[in-house]
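S.K.: This note's numbering applies: residue 1 is where the sequence shown begins, and numbers increase by one.
Please note: incorrect hints may appear among the correct ones.
Estimated spans, in silico, between C-beta atoms of each pair [as the list claims (entries may be wrong)]:
#1 Pro49 x Thr164: 36 to 42 Å
#2 Gln116 x Glu137: 14 to 20 Å
#3 Lys155 x Pro49: 43 to 49 Å
#4 Val31 x Asp63: 35 to 41 Å
These are calculated hints, taken from the structure and not from any lab test. Remember, it's a predicted structure, so these values are computed and weren't measured experimentally. Each residue gets a CB set at the ideal place from its N, CA and C atoms; glycine is no exception.
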Amino acid sequence: MRLIAFLIFLLAPPALAQDAQGNDTPGDWRVTHTAHFGLWDSVCDERGPAEALQQRCYIRYVDVFSPRPEFAAHFVFVTPAQDGVEIQYGSEPGTRFVRDGNRIETSAAPLWVATQNGCLTGGSCVFVGAEATFLYEALKTAKSWRFQFADRHGKIQDLTWDLTPFAEAAADFEAEATARGLR
């Protein structure tokens, strides 16, 4: 039960969950759409009165790969942006990847490899513009996202996220965001 409560808490901050006064709280967002594609979720929600309605849509994936007491997780959020999408990937501070250990793979070879320092150490890892567009297309067409690293507790990890459902999640996200005027 605590894990479920923590996941709800974890999912809100990357999607900018704040109340009208700017306090960090997901409490006043109302979910208007949710669809699941494997472990990928396409979600839209809204808050505020009709005359000042705020809406947002996003794709999310949260992987809690180590439960308490040595909790560790990775997540990714895709949100609409002026020039396409913004992609935010996260892991805990202290995460350390091996060389080319954060990559998107086809069956033959890596299609994309993370090079930003924050993406390899648990720091800020945000993609915008052309870089986000390329990464978004890679997520839609590749087979898997592979992670080889030592987590913040020093435990060696080797994880693979299945990207095969991502194209469906992206199509749903794009349709829902467009219907709300967010794209």
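S.K.: Regarding Pro49 and Thr164, is the given constraint of 36 to 42 Å on their beta-carbon distance met?
M.R.: Distance hint for Pro49, Thr164 holds at roughly 41 Å.
S.K.: Quick check on a hinted range of 35 to 41 Å for Val31 and Asp63, using CB atoms only.
M.R.: With Cβ atoms ~21 Å apart, the hint is violated.
S.K.: CB of Gln116 to CB of Glu137, is that within 14 to 20 Å?
M.R.: Holds - the Cβ-Cβ distance for Gln116 and Glu137, about 18 Å, lies within 14 to 20 Å.
S.K.: Okay, Lys155 versus Pro49 on CB: inside 43 to 49 Å?
M.R.: holds (48 Å)
The structure shown violates just one earlier hint, number 4.
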